[in-house]
Amino acid sequence: MTDKLNIGREAAYRRLRGEVPFTFGEAAVLSAQMNFSLDRAVGAVDFGNVLFRLSFNDYHTALEDYTGVIDQDTLFYREVSPDTDAEQAIAGNSFPRMLYMRYEGLTNFKLFKWLYQQGLVDCSTTKFEDMKVPDALLQSYRDLLKEAQLMPSTTLVFDGSCTKRWVNAICAFRNMHLITDQSVEMLKGELLQLLDELEEIAVAGQFRSGKPVSIYISDMDIEATYCYVAARHYRASCIEAFSINSLRSADPGMFEHVKRWITSLSRFATLISCSGELQRIHFFKRQRAIVAELEREGLEPSPEVFQE
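Just so we're aligned, residue 402 is where the sequence shown starts under the numbering used here, counting upward by one.
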């Protein structure tokens with residue numbers, strides 16, 4: 402509080418003891434920096450309003466801001482993962498970052514695709530191979546991957562398009578001559594490695610860190626990617642938007658909505674971790690067949706390629 406409000410220690414204690422009330426300006430600063438609703442704090446009727454925030458919104462400093470977001474998420478996981486009651490759940494139509502961030506090529510392609518869609522790269526002169534990712538961001542990827550897979554409980558729900566979306570995007574960028582055949586082959590290899598790793602996790606029912614994970618394959622299409630994190634003293638939800646960005650909320654009502662939705666999706670899904678062997682074999686066989694489509698030059702991408 403002393404840092405956020407730029408006040409002395411004794412002044413902070415007087416406010417905490419209720420001897421001195423917070424000014425409206427101080428309350429606004431705390432609300433913005435600690436991500437809570439002033440309406441809810443004072444018990445005001447909010448008429449169903451929910452406070453969301455974007456992970457980052459200054460696209461002109463995208464790489465620097467993205468590194469900061471990754472570092473904040475890493476610190477968050479580091480704080481909550483020791484809680485034995487902590488859990489996370491993700492339901493979506495693409496692989497979550499805790500899986501693909503292990504692979505530098507896939508992670509860089511996801512970032513390049515986002516930069517292209519935001520108009521932040523001049524594609525008349527810049528191709529995928531020209532993009533240089535800062536070493537600090539690469540290290541942040543590794544740190545987040547490690548911490549995210551240390552959560553005591555993880556639930557992942559995918560639909561059948563989780564690989565197809567990657568293949569569609571890669572084909573589209575190849576057809577626009579924004580990526581070479583050599584890089585396509587490299588990304589194809591990393592997609593196959595990712596599927597191998599995911600199958601290994603599904604068979605074992607745990608990450609390589611030894612922490613348990615439940616993997617479901619949805620029989621229905623999942624329109625977006627939803628996630629929540631819960632610990633003894635913390636609850637938050639997130640809806641991914643704009644590819645690598647996300648809408649985040651600490652609102653308790655929104656947390657319950659997202660949790661119920663993910664639970665509902667899992668009911669229409671098949672558990673393939675430590676069970677559902679036949680369905681698991683068929684799922685990974687289909688996903689590898691989709692990756693094999695990258696061998697066909699000039700393959701037309703599906704219409705949903707830019708709908709992530």
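Just so you know, these hints were derived from the structure itself, not from any lab. There's no promise every hint is true.
Stated by the list, open to error - The calculated SDA-like cross-link candidates involving lysine to any residue, where the alpha carbons are at most 20 Å apart (straight line), are:
1) Lys547 - Thr468
2) Lys612 - Ser554
3) Lys547 - Val585
4) Lys511 - Ala573
5) Lys511 - Lys686
6) Lys589 - Glu694
7) Lys405 - Gln473
8) Lys405 - Ala429
9) Lys528 - Val585
10) Lys589 - Tyr504
11) Lys686 - Gly561
12) Lys528 - Tyr517
Note that this is a predicted model, so its numbers are computed, not measured.
**Study point:** Index of numbered hints that the structure contradicts, given in increasing order
**Key:** When the structure is compared with the hints, numbers 3, 5 turn out to be violated.
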